[in-house]
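Engineer: Letter by letter, the chains look like this.
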Amino acid sequence: MNATVAVTTLFYLTITAALGYLGYRQTASAKDYLLAGRKVHPVIMAVSYGSTFISTAAIVGFGGAAAVFGMGILWLTVLNIFLGIFIAFIVFGKRTRGMGHKLDAHTFPEFLGKRFDSTFLQVAAAAVIFIAMPLYAGAVMLGGVSFLTVALGLTQNMALLTIVLIVGLYVMFGGMKGVLYTDAFQGGIMVVGMAILVWFAYSGLGGVVTAHEQLTAMADKVPAALTGKGHRGWTAMPELFSPLWWTLISTVVLGVGIGVLAQPQLVVRFMTVKSDRELNRGVVIGGLFIMLMTGVAFVVGALSNVYFFSSAGKIAVAAAGSPDNVIPLFIKQNLPEWFTAVFMITLLSAAMSTMSSQFHTMGSAIGHDILEKGLGRKSARPVRVVRIAMLAGILITTLTAHYLPAFFKSGATIIVNGTALFFGLCAGAFLAIYALGLFWKGITRAGAVSGFISGLLVSLFVLFFVFEKVAKPLGLCEALFGVPTLGAGTPLGNIDPLIFAVPVSLLFAVVVSLFTPRLGDAHLAACFPD
Amino acid sequence: MLGLGDWGVGLAFVLTLGSAALCAVYGFLNWNKPAPAEEARE
Chain A
1 MNATVAVTTL
11 FYLTITAALG
21 YLGYRQTASA
31 KDYLLAGRKV
41 HPVIMAVSYG
51 STFISTAAIV
61 GFGGAAAVFG
71 MGILWLTVLN
81 IFLGIFIAFI
91 VFGKRTRGMG
101 HKLDAHTFPE
111 FLGKRFDSTF
121 LQVAAAAVIF
131 IAMPLYAGAV
141 MLGGVSFLTV
151 ALGLTQNMAL
161 LTIVLIVGLY
171 VMFGGMKGVL
181 YTDAFQGGIM
191 VVGMAILVWF
201 AYSGLGGVVT
211 AHEQLTAMAD
221 KVPAALTGKG
231 HRGWTAMPEL
241 FSPLWWTLIS
251 TVVLGVGIGV
261 LAQPQLVVRF
271 MTVKSDRELN
281 RGVVIGGLFI
291 MLMTGVAFVV
301 GALSNVYFFS
311 SAGKIAVAAA
321 GSPDNVIPLF
331 IKQNLPEWFT
341 AVFMITLLSA
351 AMSTMSSQFH
361 TMGSAIGHDI
371 LEKGLGRKSA
381 RPVRVVRIAM
391 LAGILITTLT
401 AHYLPAFFKS
411 GATIIVNGTA
421 LFFGLCAGAF
431 LAIYALGLFW
441 KGITRAGAVS
451 GFISGLLVSL
461 FVLFFVFEKV
471 AKPLGLCEAL
481 FGVPTLGAGT
491 PLGNIDPLIF
501 AVPVSLLFAV
511 VVSLFTPRLG
521 DAHLAACFPD
Chain B
1001 MLGLGDWGVG
1011 LAFVLTLGSA
1021 ALCAVYGFLN
1031 WNKPAPAEEA
1041 RE
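Chains as they are written, first to last, in the numbering used here: chain A, 1 to 530; chain B, 1001 to 1042.
Bear in mind the hints are in silico, worked out from the structure with no lab data behind them. All of these numbers come straight from a predicted model, not from anything done at the bench. Hints are supplied without guarantee of correctness; some may be wrong.
Computed cross-link-like contacts, BS3-like style, restricted to lysine-lysine with a CA-CA straight-line distance of at most 25 Å [stated by the list, open to error]:
| no. | chain 1 | residue 1 | chain 2 | residue 2 |
| --- | --- | --- | --- | --- |
| 1 | A | K221 | A | K39 |
| 2 | A | K274 | B | K1033 |
| 3 | A | K39 | B | K1033 |
| 4 | A | K229 | A | K94 |
| 5 | B | K1033 | A | K94 |
| 6 | A | K472 | A | K229 |
| 7 | A | K469 | A | K441 |
| 8 | A | K469 | A | K229 |
| 9 | A | K441 | A | K102 |
| 10 | B | K1033 | A | K102 |
| 11 | A | K229 | A | K332 |
| 12 | A | K102 | A | K221 |
Here are the simulated distance ranges between beta carbons [to be verified]:
| no. | chain 1 | residue 1 | chain 2 | residue 2 | range |
| --- | --- | --- | --- | --- | --- |
| 13 | B | W1031 | A | G207 | 29 to 35 Å |
| 14 | A | F439 | B | V1025 | 37 to 43 Å |
| 15 | A | V511 | B | V1025 | 35 to 41 Å |
| 16 | B | W1031 | A | V511 | 30 to 36 Å |
| 17 | B | W1031 | A | L169 | 35 to 41 Å |
| 18 | A | G207 | B | G1018 | 19 to 25 Å |
| 19 | A | E478 | B | W1031 | 40 to 46 Å |
| 20 | A | L507 | B | L1002 | 38 to 44 Å |
| 21 | B | K1033 | A | A488 | 49 to 55 Å |
| 22 | A | P223 | B | G1018 | 28 to 34 Å |
| 23 | B | F1028 | A | A28 | 32 to 38 Å |
| 24 | A | P223 | B | L1017 | 17 to 23 Å |
| 25 | A | W199 | B | V1025 | 32 to 38 Å |
| 26 | A | T155 | B | L1017 | 40 to 46 Å |
Don't be surprised by glycine CBs; every beta carbon is placed ideally from N, CA and C.
Bound conformation, chain A alone (with noise of 0.2 Å):
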């Protein structure tokens, strides 16, 4: 354990803890708990919103997937971006925020629910999210957990148990606000860490070019295995439908990029600001955040190939042992001493960002959705009900994250594995129809419930059967059928769930509305901005 590690480490924790507090002190009612009071500065929430969308998973284990697939896997800011930010603020944002405000939606499912005018949608959805999200939530901790036993020299338990207590306790204490507040401040020292990362990795190969010129000529050092999957180099994109385009373009590329956008502990960010001002001023904020994080993360994970094959002779996969310990070990070889506990910090604070909004995300399903407003159990005190929602959301997700490993193999491919898996089953079950409540007034309350089922039981279906990254560990495949994964031999088994789910979903809803009554017109009034 170093001494400078570990007392910058015990200094951020200080100052979260101490934000935290401060959300607790401005928390007054159940508005503020849920939705901080609908008066978020732009600025706090542009960043709230990057730190909560971009975990460990982004830096590590897709920086470590850059130093396998290469530079190809910018497309995925490039979806990050523009859809993540640009069309998530300025066309799903604005709306959203407008209906949220009308229809005073407090959560993703309640949105849903009071759009379709079904309670079984708010519930359903509340449940979806509660027992999917301790998957990525566990995987995110994770993350956050193998950087605090190196920082503070704790075992894995007392790891775990260490930054559920701080995150945890100002999440259920602070509310929205405690997790705004602290999210700003760990997506501060995020920018700062990726920032110095990505000018010492470019000045140190002698400039932006240069480094792309030394990475160019390394194509020829691709391993056969690589090459015979579609490998072609380092700053080039795979072979046309190759096995690795397939799975970079559809899982990594499309499986994050769109499933941003109907991510629930994002999308009631929205519902957190008072105009659409607040909007077009957190795109600019939005924007640089996420290109400084994925951005950055992958350029680095390409480049370390030139780093460490001119220092070990190997390519960065080889020399680290797994794409996993890539920027980690990168970091410890070719940046200053000090840079070192920049870097657990900017790591732990990806971590907590994340965790601290899925957390929240948790009980007030819980909570909010489905106990107070699905089975109509009216509390005089409805913020201690989401508290007590949160802490069993707490729990299932520190269980989760403790039994994980067993179930992947190694590190940061669960981070990655739970994060896509969130992701693609939150497109499938709910991003046609959000988009169609959003801007379709023709869709009905059987044409989103038959497009949520729809969507969820292809995802489910997919993920279970087909898609080799989770049928094949999970073994209910092989138990049923003989066969790790129905997909096998083709490159269906490489293809994201929300391929198959998304398009299923939007026709399901789309058909099913053109055949059934539509709302009413006092109800769709009530839900469209004027």
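Use these hints to put chain B onto chain A, whose structure you have.
Structural biologist: Coordinates of chain B only, in the frame set by chain A:
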């Protein structure tokens, strides 16, 4: 392009910077929209 191996990656690199710039330009052009008076009415 920019020392990169093919146009697919080159385009991704340029569009990464371009989409961040698009966000910045859009945000600054609409910094005060809707105007405070309109917002007060809302």
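Engineer: Work down the list of hints and note, for each, if the structure agrees.
Structural biologist: Results for each hint:
Restraint check: the Cα-Cα separation between A/K221 and A/K39 comes to about 54 Å, which exceeds 25 Å; the hinted pair is violated. Our distance criterion of 25 Å between C-alpha atoms is met by A/K274 and B/K1033, whose separation comes to about 13 Å. Restraint check for A/K39 and B/K1033: satisfied, since their Cα atoms lie roughly 17 Å apart, inside the 25 Å limit. Note on A/K229 and A/K94: the hinted pairing is violated, with a Cα-Cα distance of about 43 Å set against a maximum of 25 Å.
Distance check on the hinted pair: B/K1033 and A/K94 sit about 12 Å apart at the alpha-carbon level, within 25 Å; holds. A distance of roughly 19 Å separates the Cα atoms of A/K472 and A/K229; the hinted pair therefore holds under the 25 Å criterion. At most 25 Å may separate the alpha-carbon atoms for a hinted pair to count; A/K469 and A/K441 exceed this at roughly 38 Å. Pair hint A/K469 plus A/K229 holds up; C-alpha atoms about 16 Å apart against a cutoff of 25 Å.
The hinted pair formed by A/K441 and A/K102 meets the criterion: a straight-line CA distance of about 15 Å does not exceed 25 Å. Among the hinted pairs, B/K1033 with A/K102 is consistent with the structure: their alpha-carbon atoms are about 20 Å apart, no more than 25 Å. Simply put, A/K229 and A/K332 have alpha-carbon atoms about 31 Å apart, too far for the 25 Å limit, and the pair is violated. Annotation: proposed proximity of A/K102 to A/K221 is violated, straight-line Cα distance about 58 Å (limit 25 Å).
The hinted range of 29 to 35 Å is satisfied by B/W1031 and A/G207, whose Cβ atoms lie roughly 34 Å apart. Separated by about 25 Å at the C-beta atoms, A/F439 and B/V1025 break the suggested range of 37 to 43 Å. Separated by about 40 Å at the C-beta atoms, A/V511 and B/V1025 satisfy the suggested range of 35 to 41 Å. For B/W1031 and A/V511, the Cβ-Cβ distance of about 43 Å falls outside the hinted range of 30 to 36 Å, so the restraint is violated.
The supplied range of 35 to 41 Å is met by B/W1031 and A/L169, whose beta-carbon atoms lie about 37 Å from each other. Distance hint for A/G207 and B/G1018: a CB-CB separation of about 20 Å, consistent with the stated range 19 to 25 Å. A hinted range of 40 to 46 Å for the beta carbons of A/E478 and B/W1031 is inconsistent with their spacing of about 56 Å. Distance hint check for A/L507 and B/L1002: the Cβ-Cβ separation is about 41 Å, which falls inside the suggested range of 38 to 44 Å.
In this structure, B/K1033 and A/A488 meet the distance hint of 49 to 55 Å, their C-beta atoms being roughly 53 Å apart. Distance hint for A/P223 and B/G1018: a CB-CB separation of about 33 Å, consistent with the stated range 28 to 34 Å. A hinted range of 32 to 38 Å for the beta carbons of B/F1028 and A/A28 is consistent with their spacing of about 35 Å. The given range of 17 to 23 Å is broken by A/P223 and B/L1017, whose C-beta atoms sit roughly 31 Å from each other.
For A/W199 paired with B/V1025, a C-beta distance near 24 Å fails the hint of 32 to 38 Å. The hinted window of 40 to 46 Å between A/T155 and B/L1017 holds, with their beta carbons roughly 43 Å apart.
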